[in-house]
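Engineer: In this text, residue positions in the sequence shown follow the working numbering: the first is 899, and each later residue adds one.
Do not rely on the hints blindly, as some may be mistaken.
[To be verified] Taking lysine-lysine and the DSSO-like style, the derived pairs with C-alpha atoms no more than 30 angstroms apart in a straight line are:
#, residue 1, residue 2
1, Lys966, Lys994
2, Lys918, Lys942
3, Lys1025, Lys999
4, Lys1025, Lys994
[What the hints assert, rightly or not] Per label pair, the in silico range of CB-to-CB distance:
#, residue 1, residue 2, range
5, Gln925, Gly1003, 22 to 30 angstroms
6, Asn912, Asn952, 29 to 37 angstroms
7, Asp930, Gly1003, 34 to 42 angstroms
8, Thr983, Asp934, 34 to 42 angstroms
9, Asn982, Pro932, 19 to 27 angstroms
10, Gly992, Lys966, 34 to 42 angstroms
11, Ala965, Ile995, 35 to 43 angstroms
Read the hints as simulated data drawn from the structure, not as lab findings.
Glycine included, each C-beta is placed from N, C-alpha and C at the ideal position.
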Amino acid sequence: MKNAVNWFEIYTSNFERAKKFYTAVLQCELTDIPVDNERHSQMKYAAFPGDQMNGGAGGALVKLDVAKPGIGGTLVYFHSEDINTELSRVEAAGGKIIRPKQEIGDFGFIALIEDTEGNMVGLRSGK
């Protein structure tokens, strides 16, 4: 069965600051994707690790003049083994905890955080 979601984009106002935030909180490296800036005025793109070719979802941080970051847009949940681990890194990385770890019954746990760009994103784990 394929995932219903196969790609996401998180918009940024300060691209490098956002990359540092997600690298620190999720402990993963983002890959810069070259963009033809003659066609896409000052666009920047960095992809999260993922295996889309085998049914997984992928996504990227994006700096794009016509798309602004902020709470109220698309909500993306990142996988976590134990949400407390990522939550312990959020404030030191410049973000805020919006909703601490919360049980969601048989579906595990979730938490909501705000990144350095003002986007709200979620964390989800089984414990």
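Engineer: Now, for every hint given, state plainly whether the structure supports it.
Structural biologist: Now for the hints, and whether the structure bears them out:
no. : hint                                 : verdict
1   : Lys966 / Lys994                      : 19 angstroms, holds
2   : Lys918 / Lys942                      : 14 angstroms, holds
3   : Lys1025 / Lys999                     : 10 angstroms, holds
4   : Lys1025 / Lys994                     : 21 angstroms, holds
5   : Gln925 / Gly1003: 22 to 30 angstroms : 28 angstroms, holds
6   : Asn912 / Asn952: 29 to 37 angstroms  : 33 angstroms, holds
7   : Asp930 / Gly1003: 34 to 42 angstroms : 39 angstroms, holds
8   : Thr983 / Asp934: 34 to 42 angstroms  : 38 angstroms, holds
9   : Asn982 / Pro932: 19 to 27 angstroms  : 37 angstroms, violated
10  : Gly992 / Lys966: 34 to 42 angstroms  : 18 angstroms, violated
11  : Ala965 / Ile995: 35 to 43 angstroms  : 25 angstroms, violated
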